[in-house]
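> Note that the protein sequences, when read in sequence, are chains H and R.
Going by numbering that gives the first Met the number 0, the residue at position 370 of the first sequence is 369; the numbering climbs one at a time, nothing skipped.
Going by numbering that gives the first Met the number 0, the residue at position 10 of the second sequence is 9; the numbering climbs one at a time, nothing skipped.
Calculated directly from the structure, the hints in this document are not laboratory data.
Check the hints yourself; a few may be wrong.
Here are the simulated distance ranges between beta carbons [stated by the list, open to error]: (1) H:THR363 / R:ALA22: 28 to 38 Å; (2) H:GLY316 / R:SER40: 47 to 57 Å; (3) R:SER40 / H:GLU199: 51 to 61 Å.
Which residues of chain H face chain R? A few of them, derived with a C-beta cut under 7 Å, are [to be verified]: (4) ASP173; (5) PRO175; (6) ASP181; (7) GLY226; (8) GLU373.
To be clear about the criterion: a stretch of chain R counts as covered by chain H if any three or more of its residues have a C-beta under 8 Å from a C-beta of chain H, and this derived list gives those stretches [claimed, not checked]: (9) 11–23; (10) 48–56; (11) 73–86.
The structure presented is a predicted model; accordingly, all values stated were derived computationally and were not measured.
Glycine included, C-beta positions come from ideal geometry on N, C-alpha and C.
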Amino acid sequence: MTEIALATASAVALAAVLAALGLARARQHALRRAAAAEASAARHAAQLAEQEHRFAGRQAALTRAEERAAAAERTSRELTEELGHLAAERVPAAALALVHPDLAPPGPLHRDRLGAEAGRAMEAVLTACTTAVLDERARVDAAARASMRGATAKVQTLLHQAQNLLTRLQHEHDDPRLLELDFRNELALRRIQATAVLCEAWPGLARTDSPLVETLLGAQSRVPGYGRVKIANHLREQRLAVAARAAEPLVITFAELLANATAYSHPETEIPVTVQQGGQGAVVVIDDAGIGIDTDQLDRARRLLDGPSGVLLTELGNPPQTGFAVIGKLARQYGFACHVEPSPYGGVRAIVRVPDHLLTLVDTEHDLSVLTPEPVRPAPVRRTPDPGDGPEDAPATAPAEPARASGPGAEAPPEAPSADPSAPLPTRRRRSPRPAVASGQVGTGAEGTVPAARTPEQAAARWAALQEGTADGRSAAGTGAEATEDTGAAPGAAPIRHSHEGDDER
Amino acid sequence: MKPPPGRRLVPAYLVTGGRAAPADRRAAGYDRLAILTRSDSTPSDRFGQEHHRLWRLLRPGPLTLVECAAHLRLPVSAAVFLAADLVESGHLHIRPPVPPAQRIDRTLVERLLVGLRALH
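The whole structure should be built from the sequences, with the hints applied where relevant.
What follows is the structure, given as structure tokens:
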């Protein structure tokens, strides 16, 4: 029984202990729970604060996002406007500026707000547009040139045939209207040829080496009003010629310049043309007393003449102004140079320089044209001593004859005072042909050393002395020392004679 | 006259100086065989080289128009312009060609003979 009691007591005790333990545990639990609740409350508060903070941040972010969205919308609107401006204004203006380089194409609408990237993109669009326009223009122009080239080649051939026929007819029939018709044909040919050259056709004529003056005459014959062109020939070497390959191009060049000169000056004025031989080639200067040229046209002309590249058909204007473009093309192709400037005559002066490598000399068999102007420079030929005798002796010195032919009358008066300083005024005296008879009697032996005469009187006196001396010598059967003395004096006088001549000519 | 091969450079019409007709109004009647003779006066510088060359060409003596043209290598129609200029200014004389000798009209002689016989 005790055991049972003991067991019960122990059980109770155990229960009590257990209960006590349980209680303690419960208190501990309660404490723990309270602590946990406290902690969770604190956490909650912190979370709340954090959430509030986050919310505020989000609010700000939202505002910023809204602002950004507004800005983006504005940028987008501006960009759209800019694109519209690009399409409506800037691209057409850029295309137009290709034709009229003076026009400044407009820039973007909002240059400061347009981003660098967008700006670059738009510039790229413009560049692409202009490139496309230029390519297309070149293609169209090339096509136009090709078709023109075909047409001009055909017409040119026909006109050449007409010209050959006309030349033959001129030799068979004496109607001056054939000459007129030939001229008309030549005018048409010049136009066609210029167009052909612009269309990159070959000038179309193989020539032999041609005297420079004849190329000028050929050019002269191709322009209306050619009668007004006066060529002054200052060449040292009359047989100076243009090499075969450059002959026709130079004729075309001169013809275009002369056509400008005659077309833009009064029909009563002359067109002085000077051809001279420089140190490194020949120079042809064409002047006109016309209406001149304004600065823009002068710039255009110089650009066409000196410019690095060719010219498009579309750049020639309406009506097309082909002259300078043709010259520029030929000059680049063949290596001569052309320059235009305002002329002291009031109009335009055109200067063509033909370099040495395009020049040559023609054979003496080549007969110069009957129209070739005589050289203006006095040729170094001996002048015949007697005025009455002059023209008759001239065949040997034919090129210099015209200057001589007008010489006797014109030069005698200025010479008289030098011979007789006491005379107050130069007086014209009739010369009798007596000295000519005297020179004829003396014979040919002394003629080479004779050009010593300053005046007919002096010449007569000299010849008389010579004759007397010779007669004396013969009659005395002497050694003829006097005669040799006289002829010896003559060469000494010759240089003086020549220097006088030089002064008179200048 | 055969023109030179290739295209000529200096055309003949250049000597006309752009005139449609020669200066001398009678020039239209110049015959190819008309004879040109030089006078003594020298042409002035007013004339071109082609005139002087024609004038010099006639120094040795008269020539027909067609010969002058051939020497100057011009067609006759162009040489007429030069000749007419110099004729008008008195530096050249021109006269019609010498007519070829003609056979005497036989009927006229016979009639003359008949008339003479009738006088007896």
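> Does 47 to 57 Å hold as the CB distance between H:GLY316 and R:SER40, or does it fail?
Cβ of H:GLY316 to Cβ of R:SER40: about 53 Å, so the range 47 to 57 Å holds.
> Holds or violated: H:ASP181 as interface residue toward chain R, Cβ cutoff 7 Å?
5 Å, holds
> Cut-off 8 Å, C-beta pairs, minimum 3 residues; does the coverage of the segment 11–23 of chain R by chain H stand?
holds (count 11)
> Cβ-Cβ distance between R:SER40 and H:GLU199: within 51 to 61 Å?
55 Å, holds
> Can you confirm whether chain H covers the segment 73–86 of chain R, using C-beta to C-beta distances below 8 Å and requiring at least three such residues?
holds (count 7)
> Are H:ASP173 and chain R close enough, Cβ to Cβ, to be under 7 Å, as the hint says?
Result: holds, 5 Å to nearest chain R Cβ.
> Taking the closest Cβ pair, is H:GLU373 under 7 Å from chain R?
6 Å, holds
> For the hint on H:GLY226, does the least C-beta distance to chain R fall short of 7 Å?
Constraint on H:GLY226 satisfied, holds at 4 Å.
> Can you tell me whether the CB distance of H:THR363 to R:ALA22 sits inside 28 to 38 Å?
35 Å, holds
> With a cut-off of 7 Å on the beta carbons, see whether H:PRO175 makes it to chain R.
5 Å, holds
> Given as covered by chain H, does the segment 48–56 of chain R meet the bar of three residues or more with CB within less than 8 Å?
holds (count 5)
Hint violations for this structure: none, all hints satisfied.
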